[in-house]
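All chains, please: the whole structure from these sequences, using the hints.
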Amino acid sequence: MSRATFPALFIPQNDNGVRNEKELEAEGESHRGRDAEKKREGMESPFKADILRGKVGLITGGGSGIGFELSTQFGKHGASVAIMGRRKSVLDAAVSSLRSLGIQAVGFEGDVRKPEDARRVVESTFQHFGRIDILVNAAAGNFLASPEDLSPNGFRTVMDIDAVGTFTMCHAALKYLMKGGLGRGSSEGGGSIINISATLHYTAAWYQIHVSAAKAAVDALARNLALEWGTDYDIRVNGIAPGPIADTPGMSKLAPDEINSKARDYMPLFKLGEKWDIAMAALYLVSDAGKFVNGTMIPVDGGLWLSKPRHLQKDAVRQLSRAVEKRSRDKPVGVPSSKL
1 MSRATFPALF IPQNDNGVRN EKELEAEGES HRGRDAEKKR EGMESPFKAD
51 ILRGKVGLIT GGGSGIGFEL STQFGKHGAS VAIMGRRKSV LDAAVSSLRS
101 LGIQAVGFEG DVRKPEDARR VVESTFQHFG RIDILVNAAA GNFLASPEDL
151 SPNGFRTVMD IDAVGTFTMC HAALKYLMKG GLGRGSSEGG GSIINISATL
201 HYTAAWYQIH VSAAKAAVDA LARNLALEWG TDYDIRVNGI APGPIADTPG
251 MSKLAPDEIN SKARDYMPLF KLGEKWDIAM AALYLVSDAG KFVNGTMIPV
301 DGGLWLSKPR HLQKDAVRQL SRAVEKRSRD KPVGVPSSKL
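Residue numbers for the sequence shown follow UniProt numbering, beginning at 1 and rising by one.
In case anyone wonders, no lab produced these hints; they're calculated from the structure. Being a predicted model, the structure only gives us computed values, none of them experimental. Ideal placement from N, C-alpha and C gives every residue a C-beta, glycine not left out. Don't take every hint at face value.
[As the list claims (entries may be wrong)] In the BS3-like style, the derived pairs of lysine-lysine whose C-alpha atoms are separated by at most 27 angstroms in a straight line are:
hint : residue 1 : residue 2
1    : K275      : K48
2    : K76       : K179
3    : K48       : K114
4    : K76       : K275
5    : K291      : K314
6    : K88       : K76
7    : K179      : K48
8    : K291      : K76
9    : K291      : K175
10   : K179      : K291
11   : K275      : K88
12   : K179      : K114
13   : K76       : K48
14   : K48       : K291
15   : K88       : K114
[What the hints assert, rightly or not] Cβ-Cβ distance ranges computed for the label pairs, FRET-style:
hint : residue 1 : residue 2 : range
16   : D50       : G130      : 16 to 24 angstroms
17   : Q127      : G102      : 20 to 28 angstroms
18   : S100      : A204      : 38 to 46 angstroms
19   : G130      : K291      : 20 to 28 angstroms
20   : S89       : G180      : 34 to 42 angstroms
21   : S97       : P152      : 37 to 45 angstroms
Below, the structure is given as structure tokens:
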């Protein structure tokens, strides 16, 4: 796909149009150089290594992408972690990797859309670790589609995974997260919930009507639960809205190999986010550093949501979507079981 067809998702414009490509290229090269130097130096956590000592986190979608990074960083900061997903091979590999770092980790197969799976995984986590302090709802579905090309089943599937799945997991975990709940001491407060959301619905987004609707629902869930469960059960509920994050399944779908190399040129900070960035925001929210933060959605997108996306021709989107779907179905694992 040519650079000319790229702008729909990532090229911002103002009332005067898109910035000159030569200016973008020059500025982008400068920022990329600084980014590469920073990455070579490594990124160290600003939090103490024991900030989550004694806590137990359950992360849906925790076997890959952002969810796996959250699992890793929670574990590195003292927490025990349980990860939930639908693919046993992915879970096994993730748990093995976490344990190799000295992290107490366990994986459970399950589908967040199914209440019986949610209850089983939550109960298994409690039986394994004796408590649950943190729930992260990171399981999600995404793909590019115009409204007329999107089937009702495709729309429903994303709503079920993102919105219904989030509520289902929260509902199953309530009795463990609430103040005075199972496994919690009499003097302990309630736990913490983080929903991984998006910024797509803050304005509107091309070819993302299904995800925009689902994430709007996820944010509404967070605010309402923060109000009611914060009051009744001392549970804090917040959200994190990532932007384009490098080396994630979502990025491979929304900006795959054909265009990924140019994506950072159109970011306000001239770089893609890192999974580490999302994990640091999550550590803040679930630790005592964020003990008075409740009902808040934190965008971690480099300011991209402030930009105005340009239109991308639908034929280009269809071509891109077919290429992404073909690569996904050619993989030995991770083939979607439901037709979108």
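Here is what the structure says about each hint:
For the suggested pair K275 and K48, the alpha carbons sit about 19 angstroms apart, so the restraint of at most 27 angstroms is met. With a C-alpha separation of about 26 angstroms, the suggested pairing of K76 with K179 holds against the 27 angstroms cut-off. Our distance criterion of 27 angstroms between C-alpha atoms is broken by K48 and K114, whose separation comes to about 37 angstroms. At most 27 angstroms may separate the alpha-carbon atoms for a hinted pair to count; K76 and K275 meet this at roughly 15 angstroms.
Note on K291 and K314: the hinted pairing is violated, with a Cα-Cα distance of about 45 angstroms set against a maximum of 27 angstroms. Distance check on the hinted pair: K88 and K76 sit about 23 angstroms apart at the alpha-carbon level, within 27 angstroms; holds. Pair hint K179 plus K48 holds up; C-alpha atoms about 25 angstroms apart against a cutoff of 27 angstroms. Restraint check for K291 and K76: satisfied, since their Cα atoms lie roughly 20 angstroms apart, inside the 27 angstroms limit.
For the given pair, K291 sits about 20 angstroms from K175 by alpha-carbon distance, which is consistent with the 27 angstroms threshold. With a C-alpha separation of about 14 angstroms, the suggested pairing of K179 with K291 holds against the 27 angstroms cut-off. With a CA separation close to 22 angstroms, the supplied pair K275 and K88 stays within the 27 angstroms bound. Pair hint K179 plus K114 holds up; C-alpha atoms about 26 angstroms apart against a cutoff of 27 angstroms.
For the hint pairing K76 with K48, the CA-to-CA distance comes to about 10 angstroms; that is within 27 angstroms, so the pair holds. A distance of roughly 16 angstroms separates the Cα atoms of K48 and K291; the hinted pair therefore holds under the 27 angstroms criterion. Only pairs whose Cα atoms come within 27 angstroms are accepted, and K88 paired with K114 is accepted, the gap being roughly 17 angstroms. Separated by about 19 angstroms at the C-beta atoms, D50 and G130 satisfy the suggested range of 16 to 24 angstroms.
Evaluation of the 20 to 28 angstroms hint for Q127 and G102 yields a pass: the beta carbon distance comes to about 22 angstroms. For the pair S100 and A204, the beta carbons lie near 43 angstroms from each other, so the given range of 38 to 46 angstroms is met. Take G130 and K291: their Cβ atoms lie about 23 angstroms apart, and the range 20 to 28 angstroms holds. Separation of S89 from G180 is about 39 angstroms and conforms to the stated range, judged on CB atoms against 34 to 42 angstroms.
Between S97 and P152 the CB atoms are about 38 angstroms apart, so this pair conforms to the stated range of 37 to 45 angstroms.
The structure shown violates the earlier hints numbered 3, 5.
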